[in-house]
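Could you build the full structure based on these sequences and the hints that come with them?
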Amino acid sequence: MKTVIKKELDFYLNNPIGYIVVVLFAIFVNFFYIKDVFVSSVVSIKSLFNILPWFLMIFIPALSMRIFTEEKRLNTIEVLLTLPITEKTIVLGKFFALLILYGISLALTLGFVIFLFIFSKLSLIEVLVGYLGEILFGASLISLSIYISNKTKNQLIAFFISLLSIFFLIVISSEFMGSVLPRIVIDNLIYFSPVYHLQNFINGVITLKSLVYFLSVTLLFLFLTINDLKKRD
Amino acid sequence: MIVLDSVFKFFAEKKAVDNLSFKAKEGEIIGFLGPNGAGKTTTMRLILGYLKPTKGKISINNQDPIENRVEVLKNCGYLPENNPLYQEMKVREYLDFVGKIKKAKNLEEVINNVGLTEVVNKKIEELSRGYKQRVGLAAALLGNPKILILDEPTSGLDPIEQDKIKSLIKKIAKNKIVIFSTHILSEVEEIATRLIIINKGQIVYDGKKPKEKGGVEKLFKRLVKN
Numbered sequence: 002m003k004t005v006i007k008k009e010l011d012f013y014l015n016n017p018i019g020y021i022v023v024v025l026f027a028i029f030v031n032f033f034y035i036k037d038v039f040v041s042s043v044v045s046i047k048s049l050f051n052i053l054p055w056f057l058m059i060f061i062p063a064l065s066m067r068i069f070t071e072e073k074r075l076n077t078i079e080v081l082l083t084l085p086i087t088e089k090t091i092v093l094g095k096f097f098a099l100l101i102l103y104g105i106s107l108a109l110t111l112g113f114v115i116f117l118f119i120f121s122k123l124s125l126i127e128v129l130v131g132y133l134g135e136i137l138f139g140a141s142l143i144s145l146s147i148y149i150s151n152k153t154k155n156q157l158i159a160f161f162i163s164l165l166s167i168f169f170l171i172v173i174s175s176e177f178m179g180s181v182l183p184r185i186v187i188d189n190l191i192y193f194s195p196v197y198h199l200q201n202f203i204n205g206v207i208t209l210k211s212l213v214y215f216l217s218v219t220l221l222f223l224f225l226t227i228n229d230l231k232k233r234d
Numbered sequence: 522m523i524v525l526d527s528v529f530k531f532f533a534e535k536k537a538v539d540n541l542s543f544k545a546k547e548g549e550i551i552g553f554l555g556p557n558g559a560g561k562t563t564t565m566r567l568i569l570g571y572l573k574p575t576k577g578k579i580s581i582n583n584q585d586p587i588e589n590r591v592e593v594l595k596n597c598g599y600l601p602e603n604n605p606l607y608q609e610m611k612v613r614e615y616l617d618f619v620g621k622i623k624k625a626k627n628l629e630e631v632i633n634n635v636g637l638t639e640v641v642n643k644k645i646e647e648l649s650r651g652y653k654q655r656v657g658l659a660a661a662l663l664g665n666p667k668i669l670i671l672d673e674p675t676s677g678l679d680p681i682e683q684d685k686i687k688s689l690i691k692k693i694a695k696n697k698i699v700i701f702s703t704h705i706l707s708e709v710e711e712i713a714t715r716l717i718i719i720n721k722g723q724i725v726y727d728g729k730k731p732k733e734k735g736g737v738e739k740l741f742k743r744l745v746k747n
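Chains as they are written, first to last, in the numbering used here: chain A, 2 to 234; chain B, 522 to 747.
These aren't lab readings, by the way, just hints derived from the structure by calculation.
A couple of the hints might just be wrong.
[Claimed, not checked] Below, in silico cross-link-like pairs of lysine to any residue (SDA-like), each with a Cα-Cα straight-line distance of 25 angstroms or less:
1. K595(B) / D229(A)
2. K536(B) / R233(A)
3. K644(B) / N16(A)
4. K739(B) / T714(B)
[What the hints assert, rightly or not] Below, a sample of chain A positions facing chain B; criterion: calculated Cβ distance under 8 angstroms:
5. T4
6. K8
7. F12
8. N76
9. T77
10. V80
11. T208
No residue lacks a Cβ here, since even glycine has one placed at the ideal position from N, Cα and C.
And the structure:
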């Protein structure tokens, strides 16, 4: 699997697009967080964790849209699938490469957090649990985007379907949906939203229900992608 | 040994491979001929487990290429049609990537034999078509596989490059099963020890290549036009 992870990481690290996406993500997230902290004058990590899903809605599809579409468009998928490597290794290799890139991008938000941690009273547990939540949140979105990327040969289509899917998952837990849909529908639908589950982590609480949710979504889409790759029709 | 036993492959309603049966033994260089759309590429993909037969049985060294895909592919080298490559990679990077997956110990040997030494640090996208073809061939040869499947290895190359690739195939073919498809009939006369002609998914000829010059072309035209 290391070989596949390295190949994928090399692509992003040897390509200006990889840097552009990661740096833009870091600039925008840091800007909006720092702006928020100064405007509200309340020192909290929660506003960072709350704005992240909206940025990830664009960042993760942008990062993962090529992961299978390009293999299919250029037919290098035939090269991969005729090498002695399992479909599971291919998918997990690509998944972990994207997760590492996401981890690097997330680490670029740490600067101001460390500054606040040193000069004010941020709770270490709150910070750690929040970041754990964001990693799990991102992992589930990466898994979903990989699955979508494997369904088409067109990067733009993969990008927009991923973006819309993530947008839908985010807004089903929003107050706006609560005012539009009947209460009973929202009460049931909200459990499918990763943002709803992320809130527990943002509040510094790790709940089994949310942990299971993120792991299930991640594993489900990885499994579906592996299964799709195994089809030999 | 490669065994295809009454293999059929349908794509929706279209029959791409129609009751195909043949065996290939070590030491054979099989020229696989057929007009466009005859089912050559599909057959090669079926042998490698990239496609699943709709009906029939394929075995590679007594193993099913779908059920034992990884084990089967350890003994196979494949040059796909149009030679898809990771263009952004350097030649060594790409061969190293394939070599690691194949656990190959012959990377340097292959680079030398295929004549890639001088371009090994260049990006694949910067190479000429001939060199790209050599990269694809080198990747197929990594791990010293017992079975080589080459889908139009000289396609689009100038005559000099074609000769180089043909010499290479002859050089590396010893103690292997080589199946190569081509549209250049003279190539079969030069390299192949056996000839299989396929038309509309069916084998129309399986045997020795004709001995006289131009015999393959005459045979091909007679069998395929009818």
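Check: With 8 angstroms as the cut and Cβ atoms as the points, is K8(A) at the interface with chain B?
Finding: Constraint on K8(A) satisfied, holds at 5 angstroms.
Notebook entry, point to check: For the pair supplied as a hint, K595(B) and D229(A), is the alpha-carbon distance within the 25 angstroms limit?
Noted result: 23 angstroms, holds
Check: Under the criterion of a CB-CB separation shorter than 8 angstroms, is T4(A) in contact with chain B as hinted?
Finding: 4 angstroms, holds
Note to self: Under 8 angstroms is the threshold here; is the Cβ of T77(A) close enough to any Cβ of chain B for the hint to stand?
What the structure shows: 5 angstroms, holds
Checklist line | V80(A) as an interface hint toward chain B, with CB separation required under 8 angstroms | finding: With a minimum Cβ separation of about 6 angstroms from chain B (threshold 8 angstroms), the hint on V80(A) holds.
Checklist line | chain B contact restraint for F12(A) - C-beta distance below 8 angstroms | finding: 7 angstroms, holds
Check: Is the Cα-Cα distance between K536(B) and R233(A) 25 angstroms or less?
Finding: 16 angstroms, holds
Notebook entry, point to check: Holds or violated: K644(B) with N16(A), Cα cutoff 25 angstroms?
Noted result: 13 angstroms, holds
Margin query: For the restraint on T208(A), tell me whether the closest CB of chain B is nearer than 8 angstroms.
Written below: Check failed: Cβ of T208(A) comes no nearer than 39 angstroms to chain B, outside 8 angstroms.
Margin query: For K739(B) and T714(B), compute the direct alpha-carbon distance and say whether it is at most 25 angstroms.
Written below: Holds: K739(B) and T714(B) sit about 17 angstroms apart, inside 25 angstroms.
Margin query: Given N76(A) as an interface hint, is its Cβ closer than 8 angstroms to any Cβ of chain B?
Written below: 4 angstroms, holds
In terms of the numbered hints stated before, the structure departs from hint 11 and from no other.
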